[in-house]
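Please take these sequences and the hints and turn them into a complete structure.
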Amino acid sequence: MSQWSQVQQLEIKFLEQVDQFYDDNFPMEIRHLLAQWIESQDWEAASNNEAMATILLQNLLIQVDEQLDRVSQEKNLLLIHNLKRIRKLLQGKYHGNPMHIAVIISNCLREERRILAAASMPVQGPLEKSLQNSVVSERQRNVEHKVSAIKNSAQMTDQDVKYLEDLQEEFDFRYKTIQSLEQSDKNSALIKQEMLALQAMLNTLDYKRKEVLSKIGRVIHEIDMLMSNMLTEELLDWKRRQQIACIGGPLHGGLDQLQNCFTLLAESLFQVRRQLEKLDELLTRLTYDGDPIPVQRPQLLEKVNFLLYNLFRNSFVVERQPCMPTHPQRPMVLKTLIQFTVKLRLLIKLPELNYQIRVKATIDKNVSTVSNRRFVLCGTHVKAMNMDESANGSLSVEFRHLQPKEMKSSAGSKGNEGPHMVTEELHSISFETQVCLYGLTINLETSSLPVVMISNVSQLPNAWASIIWYNLSTNDPQNLSFFNNPPAATLSQLLEVMSWQFSSYVGRGLNSEQLNMLAEKLTGQQVSYNDYQLSWAKFCKEHLPGKSFTFWVWLEAILDLIKKHILPLWIDGYVMGFVSKEKERILLKDKTPGTFLLRFSESNLGGITFTWVDRLENGDVTFHSVEPYNKGRLSALPFADILRDYKVIMADNVPENPLKYLYPDIPKDKAFGKHYSCQPNE
252 MSQWSQVQQL EIKFLEQVDQ FYDDNFPMEI RHLLAQWIES QDWEAASNNE
302 AMATILLQNL LIQVDEQLDR VSQEKNLLLI HNLKRIRKLL QGKYHGNPMH
352 IAVIISNCLR EERRILAAAS MPVQGPLEKS LQNSVVSERQ RNVEHKVSAI
402 KNSAQMTDQD VKYLEDLQEE FDFRYKTIQS LEQSDKNSAL IKQEMLALQA
452 MLNTLDYKRK EVLSKIGRVI HEIDMLMSNM LTEELLDWKR RQQIACIGGP
502 LHGGLDQLQN CFTLLAESLF QVRRQLEKLD ELLTRLTYDG DPIPVQRPQL
552 LEKVNFLLYN LFRNSFVVER QPCMPTHPQR PMVLKTLIQF TVKLRLLIKL
602 PELNYQIRVK ATIDKNVSTV SNRRFVLCGT HVKAMNMDES ANGSLSVEFR
652 HLQPKEMKSS AGSKGNEGPH MVTEELHSIS FETQVCLYGL TINLETSSLP
702 VVMISNVSQL PNAWASIIWY NLSTNDPQNL SFFNNPPAAT LSQLLEVMSW
752 QFSSYVGRGL NSEQLNMLAE KLTGQQVSYN DYQLSWAKFC KEHLPGKSFT
802 FWVWLEAILD LIKKHILPLW IDGYVMGFVS KEKERILLKD KTPGTFLLRF
852 SESNLGGITF TWVDRLENGD VTFHSVEPYN KGRLSALPFA DILRDYKVIM
902 ADNVPENPLK YLYPDIPKDK AFGKHYSCQP NE
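Residue numbers are given in our numbering: position 63 of the sequence shown equals residue 314, and the series is strictly consecutive.
Nothing false has been slipped in among the hints.
The calculated lysine to any residue pairs, modelled on SDA-like cross-linking and capped at a C-alpha distance of 25 Å, are:
(1) Lys919 to Val899
(2) Lys397 to His472
(3) Lys413 to Leu552
(4) Lys814 to Thr862
(5) Lys616 to Glu696
(6) Lys616 to Cys497
(7) Lys911 to Ser876
(8) Lys490 to Asn643
(9) Lys792 to Val673
(10) Lys792 to Gln765
(11) Lys840 to Asp871
Don't read these hints as lab results, they were simulated from the structure.
Quick look at the structure:
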């Protein structure tokens with residue numbers, strides 16, 4: 252069954268989650284019509300390979316054309332119209348940046364897998380539950396509503412300023428007319444009446460000036476309150492969701508909505524600034540005793556500038572964290588002398604800033620790390636932000652050719668190069684730029700989440716464990732001394748993240764039974780998920796009882812085994828995998844002889860074995876297991892073929908395959924038949 256077919260069978264609450272990440276960037280109609288073709292392509296690899304992404308985009312358009320031909324013959328007018336529109340949209344949006352659609356489709360497929368995994372869980376995990384809090388959603392709606400109201404208020408104040416300008420011009424004209432008269436004419440009753448009218452106009456002008464300043468003050472106050480409270484919380488929530496997404500959690504949306512809010516607030520503040528400039532202009536033409544403009548305007552202008560500085564500083568964010576193209580699902584782990592990519596965005600999208608902001612990237616700038624090792628960035632480390640490279644037209648910049656290089660130590664030799672690199676050392680990629688706009692000059696700085704530097708791919712598993720633990724345990728974006736005293740993690744949250752590793756990396760998450768086995772392996776006992784605190788050492792540093800490896804090294808080896816050798820079987824759900832020998836016997840003992848299950852080895856790294864149940868003539872139950880198959884043996888022969896061709900010598904010296912039914916009662920050939928190679932192997 253295709254992944255899309257599984258998605259369509261989900262409950263409505265999960266289908267609503269799926270609906271949220273399909274839009275014009277990747278329409279659901281295309282996902283539906285081209286489901287099998289889309290799932291058979293390697294979008295993940297293409298997201299970091301421009302040549303491959305270009306070919307896939309061309310092939311995608313060819314597939315859409317074929318669907319157009321088909322529906323044209325069926326004379327389905329609505330579908331013909333939609334497909335023509337979508338084809339034009341896809342070609343126009345991604346022709347200059349084919350890797351972007353590869354990223355989008357890869358993310359959509361990954362998010363589908365995560366939702367499928369979540370649907371198989373009896374309860375929603377604590378981390379995911381916190382990210383989908385209804386209070387947070389309500390706050391998002393409130394922010395958007397308030398930003399819109401502020402924009403309207405600023406526009407209405409524009410009309411008040413225009414009315415004030417017209418009123419002052421009329422007053423100015425009438426006053427100058429009287430001043431131009433001869434002295435004798437000024438004593439006439441008509442002129443005295445006009446002078447009284449002018450005094451009334453001046454009173455109205457004074458009232459209007461006070462009213463406009465009051466309205467401007469209210470708009471500034473509303474922006475200040477919104478920025479200090481809800482908008483700041485929204486931005487922090489987005490950054491937390493990004494952290495969780497980086498370690499395999501739900502895709503983090505909402506940046507476009509934040510951009511809209513930041514941009515509207517910036518436009519409103521600049522509009523207020525222009526209104527204050529207009530008041531200054533009116534002041535130069537007319538002032539009087541008790542005039543409120545010279546008293547209030549400087550304070551209001553100072554506050555507007557202060558809010559603009561803060562708004563711009565908060566709007567400079569890392570949209571996509573540092574990541575090596577060769578390991579897209581292991582962000583924030585960087586290898587020396589290997590290129591990585593990172594993308595930044597300015598959430599204030601103003602056309603005047605296009606190509607005007609140059610961003611400089613540095614590493615460990617003004618930061619004290621726990622290590623004496625120092626790095627420099629090689630490659631293009633200064634680039635201009637623009638609106639042309641992103642499919643959604645955001646003001647952003649992507650660095651694609653940066654390489655970290657370790658500097659020589661003061662003694663003239665390299666530091667802890669090679670296998671001695673410590674994977675608990677955290678470093679930071681920093682970015683700085685300057686915005687010059689309408690007489691304002693604002694210096695901006697931001698940093699990536701902490702990264703781990705490795706010199707050998709063999710260090711990747713432990714480095715990734717550090718990234719997981721950091722982003723699971725803290726929302727502090729720059730605690731580089733975190734591993735001096737790493738806090739414990741709640742077991743329930745850690746198990747949720749472990750399931751994410753499987754759903755994001757190998758396409759299928761873990762169910763409650765599998766997670767129970769991992770919990771027992773981590774703690775050595777049956778415990779309550781919610782109460783148990785697990786230490787960093789227990790997760791990644793201390794060897795498992797009686798073993799020469801840690802829990803994390805054991806689990807990472809299983810992920811690697813699945814990815815490279817048994818992926819289709821795992822995705823189909825036919826590998827129970829995480830089950831102890833004791834539980835295995837309990838499950839099999841009452842089953843039909845020849846029933847077997849597949850289990851990951853607990854004593855060997857990256858091994859998979861199978862056990863089947865049999866009955867002796869006297870009725871006693873026996874269990875038979877095989878030596879674990881590792882990547883060396885599985886590289887030579889597909890695992891499905893091993894199950895098909897496995898033989899044991901029976902009593903009559905006749906070789907026979909004892910494997911009949913996959914637990915609980917699925918005929919072996921029905922489960923694995925589609926994965927067999929063409930010819931049986933003796």
